[in-house]
Amino acid sequence: MNELEIKKIRKRIFWWNFVKYGFMIIISAPIILFYGWLFMGAFEGKSGFTLHNWRFLWEETVLKGLPNIWAITLNTLILAGGVALLTILVATLGGYALSRLEFKGRGPLLGFTLALHAFPSITLLVAIFYILRTMGLLNTLGGVILVKVALELPFATWVMKGFYDSIPWDIEISAIVDGASRFQTWFKVMLPLAKPGIGALSIFSFLSGWSEFVFVYTFILSKKAWTLSTYLKGVIGEFRFVDYGLLTAVSIFYMIPTLIFFLFAQKHLLKITMGGVKGT
Amino acid sequence: MVALFFLLPAIITGLLSLTDMNYTFNWNFIGFENFREIFYEDPIAKTTLINTIIYVFFTLLFFNFGLGLLLAITTTHMEEKAGRFFRLIWMLPRLTPSVVYALLWLWILDPTEAGILNSILKHFGLPTYNWINMFPKTVVIIANGFIGASFGMVIFTASILSLPRDMIVAARVDGASELKVITKIILPNIKWHLLFVSAYQMLSLLTSYEYILLITDGGPFYKSEVWALYTYHTAFGDWEFGYAAALSVILSIAGFIAALLYLRTVNIRALLKKPKIEGI
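Chains as they are written, first to last, in my numbering: chain A, 388 to 667; chain V, 11 to 290.
Okay, chain A solo, but in the shape it has when bound (with noise of 0.2 Å):
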């Protein structure tokens, strides 16, 4: 090769990276922007940084006909919670039955629980408002965990199913050999080996629980068991166009479990994120 067409090489390189770089960078710049105006949105005041919008943690008259924040908070906890606890409950019963289990209608079962995956909740929404309303349910987070908990389960039961799957039979076996009953190496055995799967699934369904705004928006309407994001939504049909500092502070507050989630795990982030039941 002579020099002129190493030259030619690292010049057609040089292209190639500018033009990649240069389009993730444009492409990304607006939600970079777009978080960017959100935390400075909520430190911001008149003169510089400020705690000022952040009042609403403490006064309770700033944000008036609405419920206390904590209160509101310790909604959104509970409803998160009870989320991520019955599901793993569940989920990792069922995914081990799936995974290890034979039983008749197995096949049918799984593929079953993949067509759900499949059926939109909005189809759903009317019957199981009518559902929750004559097992007197309505206006309670109960009702919303449970039907949270029942949308997520296909998904869930297929990860866990996954996790188990991945765990060679061998280990279950001499398990048994050695005496346990099916039920104990369950429990000893197989579900220590889980513990990464059981982890990933209780976030996530934390976080889904903690999120979620449809449902608390459709089947809760008095304000004392509003969650998180039904009050931000309150907030901004009272403070929109007048305070964008309070809007943007409530919004972080609401927030933090999130960003600590996406600081932490950023890791597994990319590859356990896609079988959320979001719509988009």
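Rather than coming from a laboratory, the hints here were simulated on the basis of the structure.
Only a predicted model underlies this, so the values are computations on that prediction, with no experimental measurement involved.
Don't be surprised by glycine CBs; every beta carbon is placed ideally from N, CA and C.
Some clues are possibly wrong.
To be verified - Straight-line Cα separation of at most 25 Å, SDA-like style, residue types lysine to any residue; simulated pairs:
(1) 147/V x 248/V
(2) 190/V x 92/V
(3) 398/A x 194/V
(4) 395/A x 86/V
(5) 190/V x 410/A
(6) 91/V x 414/A
(7) 398/A x 181/V
(8) 233/V x 623/A
(9) 620/A x 148/V
(10) 132/V x 420/A
(11) 620/A x 232/V
(12) 395/A x 182/V
(13) 398/A x 193/V
(14) 407/A x 248/V
(15) 398/A x 90/V
(16) 394/A x 404/A
(17) 56/V x 249/V
(18) 147/V x 422/A
(19) 407/A x 173/V
(20) 407/A x 233/V
(21) 132/V x 406/A
(22) 398/A x 132/V
(23) 610/A x 249/V
(24) 407/A x 83/V
(25) 91/V x 601/A
(26) 190/V x 400/A
(27) 91/V x 412/A
(28) 407/A x 190/V
(29) 407/A x 189/V
(30) 394/A x 192/V
(31) 147/V x 404/A
(32) 407/A x 132/V
(33) 398/A x 186/V
(34) 394/A x 132/V
(35) 91/V x 623/A
(36) 233/V x 601/A
Stated by the list, open to error - Away from chain V, derived, C-beta distances all over 10 Å, residues of chain A:
(37) 397
(38) 464
(39) 514
(40) 557
Keeping the supplied structure of chain A fixed, place chain V upon it in accordance with the hints.
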């Protein structure tokens, strides 16, 4: 529980669609009257149908598929760290609670001078606009697209990275240009993933309405109302449960067809194994 919140609702939705139930919750069967009305008499249904087609088509083409693929290709052609950084940024909108994400858009496009976009325009002496009222469909498509792109991105990235390295290196050694490598080797090899994402996201978009509800609420004058949102409004705005159920039956049928499509694109066996790969 799955039966309670999937099977039962499905049956109830079917039954409800044959009634004219409203906020009084009386079962009054009127046969296929609702469907007749939707097909022949409801002008909003017609607008909504057209909006839905526009919304699904453009969001899918430009963002969920197009941008998703572009992001995947560009970030896999970078240094690993840079690529991961950009992919993480694109995950942010998906993880942000929907109400916060919607607030961001409301703030940026705010018609008054408090809006970010308008305040920037004003700074340069340019006229300001009421963006959401002027371009409701575009706003809805872009806002949803920023979330939707990450799904395709994650799946395509995983599939590109799983291609055998030597295949690509061999092509490069043979003097193929980068563009050739992409169009002749990468794309044909991930075509099933391309199909899967398109069909799967079509279903998701068809039934998504949360962000539209929060950002434009279908307005102004139904200009950004999509079928799923219309169902929601009919049920929980007008309290016409029977009519809403009929609307959602139609949506379910459309969704079912989309689901069949995407189940076709991936053979079930491969999908059965899927969670294993996305596991961690």
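These are the hints, each one checked on the structure:
| no. | hint | verdict |
| --- | --- | --- |
| 1 | 147/V x 248/V | 23 Å, holds |
| 2 | 190/V x 92/V | 23 Å, holds |
| 3 | 398/A x 194/V | 23 Å, holds |
| 4 | 395/A x 86/V | 24 Å, holds |
| 5 | 190/V x 410/A | 19 Å, holds |
| 6 | 91/V x 414/A | 18 Å, holds |
| 7 | 398/A x 181/V | 20 Å, holds |
| 8 | 233/V x 623/A | 22 Å, holds |
| 9 | 620/A x 148/V | 23 Å, holds |
| 10 | 132/V x 420/A | 18 Å, holds |
| 11 | 620/A x 232/V | 21 Å, holds |
| 12 | 395/A x 182/V | 16 Å, holds |
| 13 | 398/A x 193/V | 22 Å, holds |
| 14 | 407/A x 248/V | 50 Å, violated |
| 15 | 398/A x 90/V | 22 Å, holds |
| 16 | 394/A x 404/A | 15 Å, holds |
| 17 | 56/V x 249/V | 20 Å, holds |
| 18 | 147/V x 422/A | 23 Å, holds |
| 19 | 407/A x 173/V | 21 Å, holds |
| 20 | 407/A x 233/V | 37 Å, violated |
| 21 | 132/V x 406/A | 32 Å, violated |
| 22 | 398/A x 132/V | 41 Å, violated |
| 23 | 610/A x 249/V | 20 Å, holds |
| 24 | 407/A x 83/V | 10 Å, holds |
| 25 | 91/V x 601/A | 36 Å, violated |
| 26 | 190/V x 400/A | 15 Å, holds |
| 27 | 91/V x 412/A | 14 Å, holds |
| 28 | 407/A x 190/V | 16 Å, holds |
| 29 | 407/A x 189/V | 12 Å, holds |
| 30 | 394/A x 192/V | 24 Å, holds |
| 31 | 147/V x 404/A | 35 Å, violated |
| 32 | 407/A x 132/V | 33 Å, violated |
| 33 | 398/A x 186/V | 16 Å, holds |
| 34 | 394/A x 132/V | 47 Å, violated |
| 35 | 91/V x 623/A | 38 Å, violated |
| 36 | 233/V x 601/A | 21 Å, holds |
| 37 | 397 | 15 Å, holds |
| 38 | 464 | 14 Å, holds |
| 39 | 514 | 4 Å, violated |
| 40 | 557 | 17 Å, holds |
The structure fails to meet hints 14, 20, 21, 22, 25, 31, 32, 34, 35, 39 from the earlier list, while all remaining hints are met.
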